[in-house]
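Peer 1: Chain V is already provided as a structure; the job is to place chains P, X and F on it using the hints.
Each chain, letter by letter, is given below.
Number of protein chains: 4
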Amino acid sequence: MSGIWGNKIKISIFGESHGEAIGAVIDGLPSGIKLDLEAIRFQMKRRAPGRNDFATERTEEDKFEILSGYFNGYTTGTPLSFIIRNNDKKSSDYEYIRDIPRPGHGDYTGRIKYKGYNDYRGGGHFSGRLTASIVFSGSVCRQILEDKGIVITSHIKSIGKIDDDAFDFNYIDKDLISRLNDMELPLIDKEKANMMKEEILSAKADEDSIGGSIECALLGLPAGIGDPYFGSVESKLSHILFSIPGVKGIEFGSGFHITRLKGSQANDVLYLDNGEIKTRTNHNGGIAGGITNGMPVIFRVAIKPTSSIGITQNSVDIGKMEEVEFNITGRHDPCIVPRAVPVVEAAASIAILDFML
Amino acid sequence: MSGIWGNKIKISIFGESHGEAIGAVIDGLPSGIKLDLEAIRFQMKRRAPGRNDFATERTEEDKFEILSGYFNGYTTGTPLSFIIRNNDKKSSDYEYIRDIPRPGHGDYTGRIKYKGYNDYRGGGHFSGRLTASIVFSGSVCRQILEDKGIVITSHIKSIGKIDDDAFDFNYIDKDLISRLNDMELPLIDKEKANMMKEEILSAKADEDSIGGSIECALLGLPAGIGDPYFGSVESKLSHILFSIPGVKGIEFGSGFHITRLKGSQANDVLYLDNGEIKTRTNHNGGIAGGITNGMPVIFRVAIKPTSSIGITQNSVDIGKMEEVEFNITGRHDPCIVPRAVPVVEAAASIAILDFML
Amino acid sequence: MSGIWGNKIKISIFGESHGEAIGAVIDGLPSGIKLDLEAIRFQMKRRAPGRNDFATERTEEDKFEILSGYFNGYTTGTPLSFIIRNNDKKSSDYEYIRDIPRPGHGDYTGRIKYKGYNDYRGGGHFSGRLTASIVFSGSVCRQILEDKGIVITSHIKSIGKIDDDAFDFNYIDKDLISRLNDMELPLIDKEKANMMKEEILSAKADEDSIGGSIECALLGLPAGIGDPYFGSVESKLSHILFSIPGVKGIEFGSGFHITRLKGSQANDVLYLDNGEIKTRTNHNGGIAGGITNGMPVIFRVAIKPTSSIGITQNSVDIGKMEEVEFNITGRHDPCIVPRAVPVVEAAASIAILDFML
Amino acid sequence: MSGIWGNKIKISIFGESHGEAIGAVIDGLPSGIKLDLEAIRFQMKRRAPGRNDFATERTEEDKFEILSGYFNGYTTGTPLSFIIRNNDKKSSDYEYIRDIPRPGHGDYTGRIKYKGYNDYRGGGHFSGRLTASIVFSGSVCRQILEDKGIVITSHIKSIGKIDDDAFDFNYIDKDLISRLNDMELPLIDKEKANMMKEEILSAKADEDSIGGSIECALLGLPAGIGDPYFGSVESKLSHILFSIPGVKGIEFGSGFHITRLKGSQANDVLYLDNGEIKTRTNHNGGIAGGITNGMPVIFRVAIKPTSSIGITQNSVDIGKMEEVEFNITGRHDPCIVPRAVPVVEAAASIAILDFML
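Residue numbers (our numbering), protein chains in the order written: chain V, 162 to 518; chain P, 162 to 518; chain X, 162 to 518; chain F, 162 to 518.
The shape of chain V in the complex, shown without the other chains (with noise of 0.2 Å):
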């Protein structure tokens, strides 16, 4: 089973990069959910290729149309289900990858999994188109969220080389995060913009591609949230997070770097603020025994360089059984760490409300 997710609202994503369209069943919405449909469509922009020169030149729309569950403006708590048609589709730019899987993409193990009969135009299900469907029905999920004070923000943590300052959880503040979510590449470090595109352009110009990781905060949720073990915050956060394509790492508060601290540096001391229970540190990332504690949950995932480049590769022809050059034709991302920030982010709001209902 791989196209739903979640418990108490499940999200049913569908549809192929070449196909008549993909979309998304949400069941288990509150009903009387004002949609800000202005509110949707800035995620899907965030999300969307051809904004600037280091994203794909694609245009896709991301025009979506609400089939389901929506009423005088108004969810009705019924199923609600969207659908985005695909109308810049050139079937005929990927036939030559109908038999030679390109590295790194899923074109080899779809096949294998489904036995030829996988649409192989343009990754077919595997592709990133698919995770508009994310954006929407995150952006739905967020604007929930934001009604019960919870605000998601994020920024990139690093592009190649090239690293952002990290979060520091106590200032995290309404400035910085209007400011994160209005940048063309959201960053701590604002001068290190130039460092990243430059990063980003370098490898464009060698027809090469270039990863990053980001680091998202989720603010304001209450202390108790989750479930220890299989429920905990860490799992259901992790397990939407490694369905987003190109996601290889994800670790929480200070994560791999924890490995190298004393217990005594590590342990984050509980204290009172005010009357209120906080921790001097957040090294667990806001998450004990996978429930919340109240302090933001910080963390970070990792994201590889995008799979199509232009460089001339090697693979086989699964057809012929023999080895191949090949190039990949059409027009790619460089970097899909600056897009992929608002599909963190939706697939996060699903998650936590997932948790809230």
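Keep in mind the hints are simulated off the structure, nothing from the lab.
Honestly, I wouldn't trust all of these hints.
Where chains are identical, the list cannot tell them apart; a pair therefore holds if satisfied intra-copy or between any two copies.
[What the hints assert, rightly or not] Taking lysine-lysine and the DSS-like style, the derived pairs with C-alpha atoms no more than 30 Å apart in a straight line are:
1) K195 with K276
2) K171 with K439
3) K423 with K439
4) K481 with K195
5) K276 with K171
6) K351 with K481
7) K365 with K195
8) K309 with K169
9) K365 with K423
10) K358 with K423
11) K169 with K195
12) K276 with K353
13) K276 with K309
14) K439 with K276
15) K276 with K481
16) K439 with K481
Peer 2: Positioned in the frame of chain V, the structure of chains P, X and F alone reads:
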């Protein structure tokens, strides 16, 4: 929902550290599996405390009793259940934490979530002791996987500042696997054993603790296992691995390091090896598009330093709502990483079997 | 959660009677199934309104569009989704029911559940129109079952006071199945057709409606399908069958009549029929201990008279909180039973496929 | 998957009649529920064998031990688990059925499903003894429901050819409920008790058995519980009720009788009763569109005659593949209906609590 995991098999764990018993129900196992109880006991012993001077001196026996689903030496196909009685429970040891949440533990979050009704003794349901149920369950799953030619092995990748070598995916052979299985500290580079022990004993001498990481390899998995998106191998493995207390990060293949690479480096090129399709590198950790490609699945988990330390710590007395200094008494692991190795392997076994049934 | 059903396949239905479209996502279908779209259309037509003078005269076209999961004539193995646009929607017809719940409908309960935000037009999400999505989904499942030699057939067991014969489990042969498939009113005893039509037309003449029951047989199911307890064939079939609007009762084998029998009569004695194990009677409807025994699975469902009737009725105007007399305008089925036949078969097909994958 | 049921609470049952123990894990219970163990024991006793001369004379004690999730008299909110040891197990009694499936039992289907590895002693996992775990679990749920003002009551609707009156939904008052709770044979019309006893004792005298039906009412449920389609109250109740061994039919409200009615008769007209919306009739059994309407939810279940009878029966010896005559030895219930009453109530309690959390 916290205690149930899986789709085709479902593991339902239960218990508190100082309650009557811990245990689990495993639903969905095939019938006719001849269980090797000795092999289960071997894995239980790898996790058990009190084996050496860098683990806690408590001597839980971890003696399991199978209650159902097992008849004449074989699984029946109906729910297999087992319990492990809690014998060495000195509840008074923990009475002081009733109102003083220990930093880094689930004491505070559990108290909030369960409104003060949780069994606080020894961490109660949050206790690492519950991983014994995961080890038992995983050992059963592992036997089924081994019959299919799938091997799970792992080593300690780091403890504190000391690093072991990484797995070379082309050279994980029977000798290495057998050696790792038998080592007190399973390491590729045996020379590091003493340095790691020193790291642990030094923390112990300071009444402190130290973290580390574990690298695990799944060998023999056929291509085509897993699903895109929410059913990805990364999603399901991370879900269950983050259920293990103390895990704060997970990465597959080159993980966070892949973010520093170019696409031309990170793309695992396919080639023909005696008519079999393989990849020359394994930066994607044997998984593309969420689905196995036939190469070894390799991942690393970050484990934080044991939260229980002897050093005087600060916290908040929640009854009196005032800050306090306090000491954790009793015996604790200065480093939980060695005991976590069989737990990681067991959790991975459960997840992989769930894919393969 | 209301719109998702299944374990190995999951059907996620959505839509409102007078919204943009209804449809479903079917996740978990095997790849490589050649879909016979004509066979799907045939089932859709059996359910469609306006076919004869005892069904509603509305002429919904029920023209489906497949959006994903289908490529070059075969299922891809990724989520198959489809939509059916709502064309014949005269919303004004239904404006009057906004505040006046129609007796027997979900108007009142939906209003309470969704706090007044549900789409009330034509029953909205509660409309029998959504069974078109079940019929489409079931028709896909049925094709897979037929490839495995499993046949689903049914007849109208009763309409009002007129009863058809019951299935004789030993004599459900190809001729009967083919005949039932083609009949306007599928009946074992053809002589009853006119009496049933009269029963329907008499209700219609009175601007009233009439109920009935359907008997369904699943042939060719091997022994060993299903599970004890919560995974019993009866449990899963009844779960999905009670999802069909209007169903108020279900019985397997001799059903309620078995309560009048002695054990010596009700026990289906096993015997050898040319080396094959069969039972001489089939009071248990092909299921023992929740699991199929290789005999035909036979069950009956009770369907209440259509709630929409032309006769003046009483209800409560919830806006004004006063009792009112009112009339349902528009065209309605005097008897829904004939159109429910393909829905029952479709629902059973979904449930059985879920067991067999 | 057979042993796990529920969404918001999940019950995971396990055990075999002649294994070590039966039991269950209940995951998802709220914390802070003060358990009335005496009330649980009362329900266990209602189900227990050996209470009178029309039940089996075996005297299982059904003494439960709570292992987890219960601390200082209250639920902790973590998985509550319990076991009931099997003491009175004379395995040799059942050795003869290893190869001879008893008609009406799950012996044959279990053998096929589990490929001969199932524990065949006393029906093993298929034994009615496992309903003790359902009664325990349901009794816990019932206590939570009672705190919300929801009352579950039922009576024997029929045994063999003797019928009790049906519930009059307007007259199920405290007196009746309390009386039914205390009666050996809970009946509305007390006069029928002797006739029913005779029916049972006559079957017993013949070494035969007799079936019957149970009518259950759920009082105090607010309007708005349940979901349309796959989450309907009918769907979920029927799913769990058909998990009870021996149940072959279920009907809500007027059930199969509603098929004989006109819409003008079957539609439950809404009216105002002191400002509260009620319906004048209750043909729909308190459920419309799958959702409760605030009227009593009333349903009936058909229970087949006990399969184990003393009379000589025919079957097939599967080892030798030849037809045989054989006798079931040991003590058995001539009528299981009285002992099924608390099981039906428990199953309904579980289902309703799952809706209400």
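Peer 1: Which earlier hints can't be squared with this structure?
Peer 2: Failing hints, ascending: 2, 6, 7, 12.
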